[in-house]
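S.K.: Listed here are the chains, written in short residue letters.
Number of protein chains: 2
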Amino acid sequence: MPQISIHIDFEDEGQLEPRTVALLERIAEEGSISAAGRAMKISYKHAWELVAEVNRTFEEPLVKAQTGGAAGGGSVITERGQKLIRDYRALERKALSATARHLKAMQAGAGRQH
Amino acid sequence: MPQISIHIDFEDEGQLEPRTVALLERIAEEGSISAAGRAMKISYKHAWELVAEVNRTFEEPLVKAQTGGAAGGGSVITERGQKLIRDYRALERKALSATARHLKAMQAGAGRQH
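So the protein lines, in turn, are chains A and B. Going by this note's numbering, the first sequence opens with residue 62, and the numbers climb by one from there. Going by this note's numbering, the second sequence opens with residue 62, and the numbers climb by one from there.
Worth double-checking, as some hints may not be accurate.
For chains that are exact copies, the list does not tell them apart, and a pair is met inside one copy or across any two.
To be verified - Under the rule of at most 30 Å between Cα atoms (straight-line distance), these lysine-lysine pairs were calculated in the DSBU-like manner:
id: 1; residue 1: Lys125; residue 2: Lys165
id: 2; residue 1: Lys144; residue 2: Lys155
id: 3; residue 1: Lys102; residue 2: Lys125
id: 4; residue 1: Lys144; residue 2: Lys125
Worth flagging that the hints you see were computed from the coordinates, not collected in a lab.
Kindly produce the complete structure, drawing on both the sequences and the hints.
M.R.: Right, dumping it as structure tokens:
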């Protein structure tokens, strides 16, 4: 089946795409950018750059450093970031279910010659 | 309002994204890759590379050269290409209408602090 992915462009702010959202979710789970990068098999540098980009392009940061505590630092997702992740996933589910039939039809069309 | 764009990944074949589909539509209108590139304000080289990529990554070419005739050449969109453009636009309309309410809500959420 063809897969669709959704990119949201916030005009005056940044963009969300599947890779970015997945990274934010991993940071929420792992509590650190480096651990999230490892889990997604991308370099720390690349993960950090993606985070710097969303933090720069959105009006409020989506990820913030957490200093001190037992873990001695790490990163957390801000409220705005958590809301954006939830909204993105809800919108994505809606788009996927609305287009499932179209995707199947496209696959059938592509498969005729196989 | 945030804007969404749809990327379709055909797994064993290539990908369609808004820019590619817009270029294919322009080629259909203009009858040439260079005129389509000019209309989209991208270089001939870039337009040609995008066409080469879809032609290479899809099982059948989506664009083909048309030799001879009054126009002395130019390019046309193949049947497969035409069908993919129609299918992409139909799927996009469906996704946009299914997510319009979510996008408005996301905008409202983002606007609270303005």
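S.K.: Have a look at Lys144 and Lys155 and pick one of within, between, both or neither, based on CA distance no larger than 30 Å.
M.R.: Both: 17 Å inside a copy, 25 Å across copies.
S.K.: If the cutoff is 30 Å on CA atoms, where do Lys125 and Lys165 land: within, between, both or neither? Let me know, please.
M.R.: between (41 Å within a copy, 26 Å between copies)
S.K.: Regarding Lys144 and Lys125, is the shortest C-alpha distance of 30 Å or less found within a copy, between copies, in both, or in neither?
M.R.: within (15 Å within a copy, 46 Å between copies)
S.K.: Can you tell me if Lys102 and Lys125 fall within 30 Å by alpha carbon in one copy, between copies, both or neither?
M.R.: So Lys102 and Lys125 pass the 30 Å test inside one copy only (21 Å; across, 39 Å).
No hint from the list above goes unmet by this structure.
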